[in-house]
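Chemist: The primary structure of each chain is shown beneath.
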Amino acid sequence: MDAAILERLMIDDALGALSPDVRALLQAHLSGRESELAQWHRVADTAKLALPPATVESLPPFPRRFGWRMAPSLAMGLAAAAVLLLGIGIGWRVAPSPSVPIAAAHTPAPPRPVATAGVTDFWSSNRLVAVALDTERHAQPAPHWNPSTNNDIQSMGGVR
Amino acid sequence: MMRDIEQLYQDHGPAMLSYVRRTFGWCASAEDVLQETFLQALRRPRDLQEAVSPRAYLFGIARHIGQTAARRHRPTASLESIDARPAKVNDALADVRRAIAELSPTLREPLELRLREQMTYEEIAKVLEIPLGTVRSRLHNAVRQLRQTMQ
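Top to bottom, those sequences are chains G and Z.
First residue of the first sequence: 1, per this note's numbering; consecutive thereafter.
First residue of the second sequence: 1, per this note's numbering; consecutive thereafter.
None of the hints are false.
Label pairs and their computed distance ranges (CB to CB):
hint, chain 1, residue 1, chain 2, residue 2, range
1, Z, Thr-134, G, Asp-2, 16 to 22 Å
2, G, Ala-80, Z, Pro-45, 18 to 24 Å
3, G, Ala-80, Z, Arg-144, 56 to 62 Å
4, Z, His-64, G, Leu-25, 37 to 43 Å
5, Z, Gly-133, G, Ser-58, 36 to 42 Å
6, G, Ala-3, Z, Gln-67, 34 to 40 Å
7, G, Leu-74, Z, Gln-148, 53 to 59 Å
8, G, Glu-7, Z, Gln-10, 38 to 44 Å
9, G, Val-83, Z, Gln-7, 36 to 42 Å
Subject to a maximum C-alpha distance of 20 Å in a straight line, what follows is the list of computed SDA-like cross-link-like pairs (lysine to any residue):
hint, chain 1, residue 1, chain 2, residue 2
10, G, Lys-48, Z, Ala-15
11, G, Lys-48, Z, Ala-99
12, G, Lys-48, Z, Glu-102
13, G, Lys-48, Z, Arg-21
14, G, Lys-48, Z, Leu-93
15, G, Lys-48, Z, Asp-95
16, G, Lys-48, Z, Arg-136
17, G, Lys-48, Z, Asp-91
18, G, Lys-48, Z, Arg-22
19, G, Lys-48, Z, Arg-144
20, G, Lys-48, Z, Arg-116
21, G, Lys-48, Z, Gln-151
22, G, Lys-48, Z, Thr-120
23, G, Lys-48, Z, Arg-98
24, G, Lys-48, Z, Gln-148
25, G, Lys-48, Z, Arg-147
26, G, Lys-48, Z, Ser-104
27, G, Lys-48, G, Arg-8
28, G, Lys-48, Z, His-140
29, G, Lys-48, Z, Pro-105
30, G, Lys-48, Z, Gln-145
31, G, Lys-48, Z, Ala-92
Partial list, computed: chain Z residues near chain G (C-beta under 7 Å):
hint, residue
32, Gly-13
33, Pro-14
34, Leu-17
35, Ser-18
36, Glu-31
37, Arg-97
38, Arg-114
39, Leu-146
40, Arg-147
Everything labelled a hint here was simulated from the structure, so no lab data went into it.
Backbone N, C-alpha and C fix where the C-beta goes; we use that ideal spot for every residue, glycine too.
Start from the sequences and build out the full structure, keeping to the hints where you can.
Modeler: Pasting the structure below:
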């Protein structure tokens, strides 16, 4: 057997990692050379002794609050529902409330009288004249201060 | 599930607490790491149930948390310097202890898990998240180095 493989097997045996069958095979193979195996065992045993012993730790009590932790999916669902409700609430507060009840909005409006007059009567002649006058009045320039006018006013005795 | 994990806590908690205190005690509270370990295990119950070795799975989580704490923490005294303090009981053992402390962490960690925690190679591979062959070769190298030191 390859010396390197043999050495690896001996170290595994020293570390207690070989199955009984493999160990028996190894010992049979090493018949007459048991001292080599014993050396590896000595190294492993000494190392085990040299390692600081595992101190017996006083274990803190199992945290009971573990039991109260809700499942992550449930927590996520509750959080999503809370956000949704919050959004609905904010939307309801921000949106302008209708001044007319919705039910009233659906009530049909009273029928308007259908105009039976001709198109020319849509604007009466009086109305057309009033609009024209109004437009003209707005189109006139704003009055400016005129010194000559002021002098005329002064000569007439001023503004009373 | 709660009862199972509580049983795991009772069974492996002391060893885990000791391991965490020994390995990461310089940078984190062992109790905090232990608690966080079991919290994480509770968050992923399926992983714990499917784990071949729950002990190795829990040790792996604890090691992860400890390493995260170690990365955040700047050590004031390294683990090597603590472990390398000579024991007064037995000089020969003190030499071996020093030799173990002088091993690189990659070699020392699997050796300690094997000799102290009695973990199988598979469990060590799970804890350290390395292939089984790597565990074996690291253990071989560690023991070879110790033998050279002892000679």
